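Visitor: Protein chains in written order, with my numbering: chain A, 1 to 353; chain B, 1 to 343.
Hints in this document: simulated from the structure, not taken from any laboratory.
In this text, all values refer to a predicted model and were calculated from it rather than measured experimentally.
Each hint should be verified, as a subset may be incorrect.
What follows is a set of in silico ranges between Cβ atoms, one per label pair, in the way DEER data are often shown [claimed, not checked]: (1) S249/A - E320/B: 42 to 48 Å; (2) K81/A - K55/B: 40 to 46 Å; (3) E320/B - G53/A: 41 to 47 Å; (4) W139/B - K81/A: 42 to 48 Å; (5) Q44/A - D190/B: 49 to 55 Å; (6) D336/B - H39/A: 15 to 21 Å; (7) D317/A - E8/B: 58 to 64 Å; (8) E320/B - S98/A: 47 to 53 Å; (9) S98/A - T38/B: 48 to 54 Å; (10) A37/A - E320/B: 27 to 33 Å; (11) K343/B - A37/A: 41 to 47 Å.
Per the computed footprint, the stretches of chain A lying under chain B, defined by three or more beta-carbons under 8 Å from a beta-carbon of chain B, are [said to hold, decoys possible]: (12) 21 to 34; (13) 113 to 127.
Quick list of in silico lysine-lysine cross-link-like pairs, PhoX-like style, CA-CA up to 25 Å [unchecked claim]: (14) K268/B - K204/A; (15) K224/B - K171/B; (16) K330/B - K299/B; (17) K204/A - K85/B; (18) K231/A - K85/B; (19) K268/B - K207/A; (20) K171/A - K42/B; (21) K4/B - K85/B; (22) K42/B - K122/A; (23) K231/A - K224/B; (24) K204/A - K42/B; (25) K122/A - K57/B; (26) K313/A - K122/A; (27) K171/A - K27/B; (28) K207/B - K122/A; (29) K122/B - K299/B; (30) K231/A - K45/B; (31) K303/B - K122/B.
Where is the CB? At the ideal position from N, CA and C, for every residue including glycine.
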Amino acid sequence: MNHDIDIKKVRINCYRQSKVAGEFMLQLRVPGALIDAKHLSMVQEICERWGNGTFHMGTRQTLNIPGIKYEYIDEVNKFIKGYIHDVDIEMCDVDMESNDAGYPTIGARNIISCIGNAHCIKGNINTYKLARKIERLVFPSHYHIKVAVAGCPNDCAKANFNDFGIMGVHKQVYDIDRCIGCGSCVEACEHHATGVLSLNANGKIDKDTCCCVGCGECSLICPTGAWSRGKQLYRVTLGGRTGKQNPRSGKLFLNWVTEDVVLGMFANWQKFSAWALDYKPEYLHGGHLIDRVGYKEFVKHIFEGVEFNPEAKMADDIYWAENEQRGNMHVMPLSQHKFAGPTEERGYSFAKK
Amino acid sequence: MGYKVSFEEANKIFAKLQDEYEIWAPKRFVGRGRYSDTDMIKYDKVNTVEEIEYKEKSDFPAKEVLTPITESLFYFTEDEFIESKATKKKLLIFMRPCDIHAQHHQEKIYLSNGDFTDMYYKRMNEKVKIVMMECTTGWDTCFCVSMGTNKSEDYSMAVRFGEGELTLDVKDADFAPYFEGQASADFKPDYVKENELHVEIPEIPNKDVLLKLKSHPMWNEYNKRCISCGACTIACSTCTCFTTTDIVYNENGSVGERKRTSASCQIKGFTDMAGGMSFRNTAGERMRYKVLHKFHDYKARFKDYHMCVGCGRCIDRCPEYISIAATVDKMAKAIDEIVAEEK
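The shape of chain B in the complex, shown without the other chains (with noise of 0.2 Å):
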């Protein structure tokens, strides 16, 4: 069903919805950007449509709310340990098409990837609720449609802003009741259909092929450029990767609490292991390693899609302005080079 909405009965059932749900959606934090007098969009529990950040590109993606940056697994004495607790009410995500495909790609890795459930992701999933925000532009640093994740049915309900108004698509029987006595509309939500950024992935035909790509003298234009930041990673809307640690809260070490926080393979120290051992040490070669992951090897494992959504986050917050797109393009150049050697 579809419906038409002011942002002043919208809150009404914000109010009414948070008896059951935690509402989430990207918020403008201002002066908070990472220039001066710039703000920063991420997401955060709102309590009305006003808080919602719709006209912008959040700066960080929609996954922080299913894994946080820094969380908490269990807290450990001696000989005892409690989990921590999920969240209690279920959780009403706002999300563009791109984020939403970004959970699938998410909960691959989460949920099945090596026949292993992680417990702390599957608790949060099974709680969310997703509120599709209609995208019909993008930004232009968006390549959603050269990613196929322009558009998406897996929703509960999808969303257009409007002056002063929401109109609806209500698809999940939960929220009707939310909606009894608002003006019906006819409402299908419309979708990106091209970007101004294209990005045509290329086949990397055989393992031989894929060996020479990875020493191939490409990679090395970032050992100068890139500063190993990971700010792309954690913008990155299907990072999954993280690092745990205990806290202790006394000097015998028996007592603490086990924490997960997000980790970047762009950043050094990343793959060291104990003993001293560590892999990809230079800029050029995790970056080779993260491209080839979103591009490649991604879908080589899983068969069926890439990895990368096209959100385009990273392309926004890189401070060095490596364009993930111009990347991948530079890796098509290489590709057919190497392919044409070899005939």
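Chain A extracted, bound-state conformation (with noise of 0.2 Å):
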């Protein structure tokens, strides 16, 4: 079949091409990851009348439509025209029109969060509400950015792979007099976090308070209301990132801030990620804007106007630990391996030819 499609058009307007030619799986995005239920319907609908039949759950949270033919574009662009008028505009607040060209840019991707308190007895914080106050800053932009929510340090949203990785956080409030020195907090946080809790000789707790990353364990295990949650704050790494060349996880960079310093940092991404790239939108990930300005001019341009609230702690420099994919020498085939042992106590072997 004779195809001539701009591809990197298409891949803007949130379509990636497929490897059937012609074909191209629509990214619809969910920021925050929570929405009515009755979208679920329209979705199928795409799935049907012009995609393959099939869905997929996509890795940033999107809702994936896969086997749309390029000729049926415009079609399904009108379509969604309901959707993201109801998720972005009105659920999120984003500034921009609706129209019937489908999704303005693929810059910022798609903000992914965990389901958070609204529903998780660890959350500490609601990531959907969060999320959809970020996506209102980051979107519609040509400049690129990973987001994601995590409800608590646990981090089941993967935040620590994102350029910005939130966490929801407590600084936890000790009630001695309600402390009947149990121990269970302890436990917990020895067992599910930090270790920074201990009992003693007067039966009640002393806290190392320099490594307590504010998760909470101690105040949902404890009997008594003792520990309870104070200010909500947030947890903020950077510079995490997947990906072929230089994998990383993302470094701790913000601690207890509050949202008003989590909005004000996004309300200035646009700003520094077009002052970084002289102003001409590249399909590059935030990540590396953030590597060629080098971190302490990144800080001056991200934190421009926004005051910080006292408890807040940031990063004075970050030093990042690259993976480099080229590397890894120490994997070789068995046949290179030096062993220790009696070769018939190894458990494993290449399947004979």
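Using the supplied hints, reconstruct the complex from the two chains, each of which is provided in its own coordinate frame.
Guide: Spelled out as structure tokens, the structure:
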């Protein structure tokens, strides 16, 4: 079949090229990963009318519809006008036009969230509400950025592998008079978190405040409410990414910051990206811009006009450890391994030819 | 006498009362619940009617006013000791009927069990005046009707919370002067006549059945389900167990303070003894101990009523969804089984 398709243009509309010639996969945004269930029937309809009848759960929590033929894209874009309006314009209050042209850009990727405290007993924050506020600040923009919001530092949302990873935390409050010294918080902290609690000789709790991650395991297990959640704050990791070249986990960037600081930072993202790229958007992820600019310079831009709360902590500098994929010299054929111990005790081998 | 007063008038009365009384009532602590963005409702001193959380059941019982979770008993130096001071003012406590009954159950333990009077309890108990919060529906975890604690006459005042106004039945002559000039109203508090939850408390016919029940496999379920956190006993309106701790101020240990702190039979280590002995080493055994205490042993000892008042706070607070009502049902089945085998 003779195709003449500007694939990059289609990609900007959130249609991904298929290995089947002339077919594309639409990725519908779900900022914060929570929408009214009524939209699901619309998704099913697209899959069945224009797609190949299958549906894929996007790895960034988009609703993916594979197998859409190029010639149907205009029709599908008209059909998803209501969805974009409901989800981005209404739900997230994004400043954009509602039209028949589909998504205006792929730049800022869908904001991933775990279910957060709308459901999860461990969640410290309402993740989807924060994600919707961030969506409004980073979308629509051709500047690429990957953000994930996790309800707690357990990070089921894998915020650590995003340019910006937001995690909900609390400064836990201890009411010594309600404490019965049962030690269950000590056990919970040791088992699930960083082990910063200990039971003292008076039958009360001592805390090593340096290393508390603010997860709330102590408040969750406390039978008396001696531990409870105080101020709702955020922990932010920076510069995480996946990729073939230099995948890496994010590093702790901000701790104990308020929502105002988080949103103030995202409000500067587009301006920073434009400056870093000399006002010419490129298909380049946010982390790379931070690498190019350098951490100290990045911080100057991203926090312009932002006022930090008194508890806030920020990384003075960050030294990322890259996992450079060309290295990996320790991975080699078994025949080249230098084994220790008796050969017959080795539990694995290459299949015999 | 019955009165109807606006919140505004009631607050003026509160202000006058506070010369003589501390006013305690269930109060909402926003964001302080077990899960994030949930609240905690516990007893605290209040200054105004608006501070009282009367629409929801409190997470923690009224007993905390008389026996706070941690309490200083006395201070010692070398060969002397000084008692801690109890509050100087009298205590005006807003309670529901279940909590009023619970207080009577607690009095039995603190004031007359084994002919011993706990003076720290007595000195608080003597100061108490009760304002009964009218409770007409309860909640889905309440079973006060089953336990006979849905109604109480033991109050100085009873109150119905209305939209911006209180209706009161003032029985205690001490309080009459505070209401002089207020509009009178014909009011007797109503009470819960039926709960969603019914609990049939089984009779244990003899000691043989009791012994067989103790080793019945029904308790094994809790070895897996119960995490032994003790939240049920802290939330319990009637539990009284405590432990004492001497906090010493210096190395020689002769100067310090004795505190008592609520303890829980559900927590591992509750029965630890000098020499390393301990009893009820599984969660199931601890559960059995608690359930039999609340629904058999207490009544067997005092010959009047069961210890549990059916407030259901243990059900509300259990993080593992263990229901005491369901447990009693299971126990009743186990008893039937044992009795049937014996015949």
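Visitor: Check the structure against each numbered hint from earlier and tell me which ones fail, lowest number first.
Guide: 1, 6, 9, 11, 12, 15, 18, 21, 23, 28
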